[in-house]
Amino acid sequence: MLAIWILVFREVLEAAMIVSIVAAATRGIAGRWRWIGSGILIGCAGAGLVAAGAEGIAGALSGMGQEWFNAGVLLAATTMIGWHVVWMARHGRQLASEAGRFGADVSAGRRPLTALMVVVALAVLREGSEVVLFAYGMLAGGSASGGLVTGGVLGLLSGVAAGVAMYAGLLRIPMRHFFRATNGLLILLAAGLAAAAAGFLNQADVLPTLADPLWNSSWLLTDDAWLGRALHALVGYSAQPTGMQALFYLSIVVLLSGGARLAAPRRDAIAAVPTPST
Amino acid sequence: MSKSAALFALFVMSVASIASASEPPEIQLVIRDHRFVPAELKVPANTKIKLMVVNQDVTPEEFESHELNREKVVTGRATIPVYVGPLRPGRYPFFGDFHAETAQGALIAE
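Top to bottom, those sequences are chains A and B.
According to our numbering, the first sequence is numbered sequentially starting from 2.
According to our numbering, the second sequence is numbered sequentially starting from 10.
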């Protein structure tokens with residue numbers, strides 16, 4: 002049962018970290034819980050479909066279907082986060098300063114919330130499909146199903162609890178720095194997802210590694226330590242990344258922080274905000 | 010779609026077009042009763058190899074290794090290819106994530 006608990010907790014934790022960052026980043030946007038909830042539900046349904054189609058995915062593209070699929074999912078999530086980050090750079094300060102007055106103005110937030118709903122759905126889909134495959138294996142192998150249910154539920158609950166704790170921690174960031182901080186976290190999250198995608202493209206042998214590994218920080222923090230796992234989910238930590246992964250990571254950080262800077266309205270423009278958009 | 014997203018897509022496409030060609034030698038690794046057979050597998054160092062992971066169990070398994078930077082699901086009674094290396098001489102542990110208590114192994118590159 003403990004093994005099941007730990008495995009489920011691990012997968013749920015990774016998705017929960019992403020969901021908690023998304024939840025914090027959308028603070029003040031009306032209707033966000035509906036979007037996040039929809040994302041989770043779509044992700045769960047997707048996880049079942051992916052697990053059911055695992056064999057087909059694995060067999061596709063001369064045995065490299067899984068790598069392409071994972072890379073595709075990760076890069077789609079990266080793109081969606083990027084889109085949101087740039088949008089937030091344009092509108093975030095407005096949201097922060099006028100949360101009261103414009104609280105009901107969901108229409109402005111609808112597009113980027115779609116993007117983040119997709120991010121949540123993809124995160125749940127990726128981690129969830131592993132849980133489903135694992136659970137299916139336990140059932141097919143005839144292992145004690147009581148332990149499976151107990152371990153699964155405990156894993157789910159503890160993973161969600163970790164996500165809620167993370168969310169509560171993020172909310173303690175002072176409002177002045179809040180969107181800057183959550184946007185920064187989103188950028189690092191996107192960079193980590195892109196680096197993971199690069200890892201799968203390395204694995205599929207379609208991208209050169211450039212250096213493998215580029216460095217080895219296992220002596221400091223291993224990938225399977227809990228802190229290593231949490232940092233992997235949050236900011237893409239890897240003890241032995243390839244050069245290509247580092248390149249993807251840095252490219253995303255540069256692209257998104259640069260994009261956000263370019264998209265940000267000038268200070269004098271903000272002072273004159275009441276003018277309705279033309 | 011934002012400018013950064015478009016730039017990013019361009020970046021990915023340009024990098025993805027660099028693909029490698031020749032087929033490396035195949036080496037077989039079997040999963041049976043949630044264990045790897047052989048548990049220690051000798052492979053040539055400094056050359057790319059294609060590890061064929063053959064799952065003889067009916068249950069799915071995930072071949073995973075932090076040292077090799079690999080993570081791949083192999084469904085029940087299925088075979089998956091995993092490209093590995095070129096590896097410097099040394100020991101590279103791997104494990105089956107779904108049955109990590111028993112499914113432990115290592116590549117010995119020499």
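To be clear, the hints were calculated from the coordinates, so they are not data collected in a lab.
Note that CB positions come from ideal geometry on N, CA and C, so glycine has one too.
It cannot be assumed that every hint is accurate.
Unchecked claim - Just so you have them, the derived chain B footprint on chain A, three or more residues with Cβ under 8 Å: (1) 54–61; (2) 132–138; (3) 217–230.
Here's how the hints hold up against the structure:
1. 54–61: With 4 residues in contact (Cβ-Cβ under 8 Å with chain B), the coverage given for the region 54–61 of chain A holds.
2. 132–138: As far as the region 132–138 of chain A goes, the hint holds, because 4 residues have Cβ atoms under 8 Å from chain B.
3. 217–230: holds (count 4)
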